[in-house]
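Asker: Listed here are the chains, written in short residue letters.
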Amino acid sequence: MTFYLLISPWLLGFVLLSAIPLVGAFVMSFTNYDGLNLDYLRFVGPDNYARALGDADAQYALGRTLLLMLVVVPVGLVLQLALALMVNQPIRFSNAFRTIFYLPYVIPVVAGVWIWKIFVDPSGGLVNAALGVVLPDFNVRWLVEYPTFVLALLTIWGAAGGGMVVFLAGLQGIPAEYREAAMIDGASRTQVTRFITLPLLTPVIFFNLVTGIIVALQILVQPMLLSPGILGLNPGTVPPRDNYFYVVHAYIEIFTKQLFGYGSALLWLLFAVVLGLTVLLFKTSRRWVFYGVEP
Amino acid sequence: MSLALARRRTSPAQTGVRYGPVVVAAIAFALPIFWLLVTSLKKQSEYGSALFPSVLQWANYELAVELADFGHFATNSLVLSTAYALLAVLVSALVGYGFARHSAPGRGKLFMLVIATWMVPNLVLFVPQFVLFARLGLTNTYWPWILWGLSGSPFAIFLFRQFFASFPRELDDAAEVDGAGPLRIFLQIYMPNAGPAIAASAIFMFLWVWGDWLYPALLLRQDNTTLAVRMANAYLDPHGNPLQTVTMAGVALYVLPLIAFFAFAQRFIVRGIVTTGIKG
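Residue numbers (the numbering used here), protein chains in the order written: chain A, 1 to 295; chain B, 1 to 280.
Simulated from the structure, these hints should not be mistaken for laboratory data. Where is the CB? At the ideal position from N, CA and C, for every residue including glycine. Treat the hints with care, since some could be wrong.
Now the stretches of chain A that chain B is said to cover, found in silico as 3 or more residues with beta-carbon under 8 angstroms [as the list claims (entries may be wrong)]: (1) 21-28; (2) 53-63; (3) 101-107.
Turn these sequences into a full structure, and let the hints steer you where they fit.
Answerer: Next up, the structure:
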């Protein structure tokens, strides 16, 4: 009884703010709900899902999203692990280095997007100014010509610190005796990393891999705010075609076109993809994730 | 430092291998932020023509505060972030304590539900919540954040459960013998010893609201919205031309408190994450 009293705030919140809305969202995905008027509400059966599966924009957007994920997640993981290994060495100023790598992670998305917009701006940006020294007449409009490239840099830069800290926690959970024993037996630094540290880190790699994939598939705010132009970043913006990702598509269907029913169906399909990928990863994890050592 | 490491002498080449990559990475990570600061201190006429400011234009910062009603929106952000963080941390700690220390039928399944809600894509949950808030007339108010806070955060509940599960049970037994109820045990024994978990989750909860753009953009009005939404719009001169330099000064003012705080609290945060065992 005590247990239920203690968890009652969450339970109540869960029922009112999660369970009921989720059921509502599921029901909504079988209707033509427009977000405003209940008078025209009617059930359309599986029509929304059928439409979503044939939606060329949704397919294109899903393709872009998977492509972004396939680039950002592996590159991000390797970078996070490399950063953690570097600052975990006995080096001077290691706290200062950690802070520098961690900072982009705590910088709010609006500020992060502004920072990169100005950094790659053809007129006032450092990137083109620096490249212009080597290549005269260099004038690439990054946000128009290579928006996904900028977005990938922005997300990798922004997420690196969070992943690094989790890797650091994992590294500090590895007893020093293991590495020392290997070194006394004559193992090189590289061998210690490859055969002692990495296998013991696989649970952390797995954690960062799963969260990285879930976050990458749901990317929405960064591409919307990164749309070219300097004036304003508002909820009605449509990003350039290259940065038209799946949740961006769902967002526009819902909040711009007022297709709450159809947009909900799109989002449930994404949930199915996320869930499927997660289950798949958990299945493969038995082969490569090493849970042998209890901290 | 360990014995095996200490016995090895470091040559200049080894020093280069050890410091080279980390210094290069640090420069690459810091350059965009450095450029934000440089741009924020230029004259607007220097934007796009001079690489560095001839005279540091601190007036940009004054302009950024005056032109955007900065104090008003910063207060909104501060109130909303603090209220949410306070509520969410307190409730999540209580719920985490319940999951860690009190058993009842269905506990395991309910905890799976906590984790499951964490995995549902944000927008899947937000769209029906948005409809609900609109129906209840709670859009354009801070109520959604209060309600979110009152129901706790799955992430923080998980964190506190892991943290409290490592406490020795003898503490509870002794307190129970003294006649303390579960709420008193929670407030007088668990909370005072939960410093790292409280700090880590409070920081993340605060930061989530302070940095969030989507929910205030969709739920609030132009006048009661947060600094994030205001800063998403560029500063303009009277002719409607963008003032990149003043905009960057505003953005710097928006993030500098966070940067100062994290530079100060960095070691603490790493420790919080290590001790709360995010690894599971």
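Asker: Does each hint fit the structure? Answer for all of them.
Answerer: The hints, checked one at a time:
{"no.": "1", "hint": "21-28", "verdict": "holds (count 5)"}
{"no.": "2", "hint": "53-63", "verdict": "violated (count 0)"}
{"no.": "3", "hint": "101-107", "verdict": "holds (count 6)"}
In the structure shown, a violation is registered for the earlier hint numbered 2 alone.
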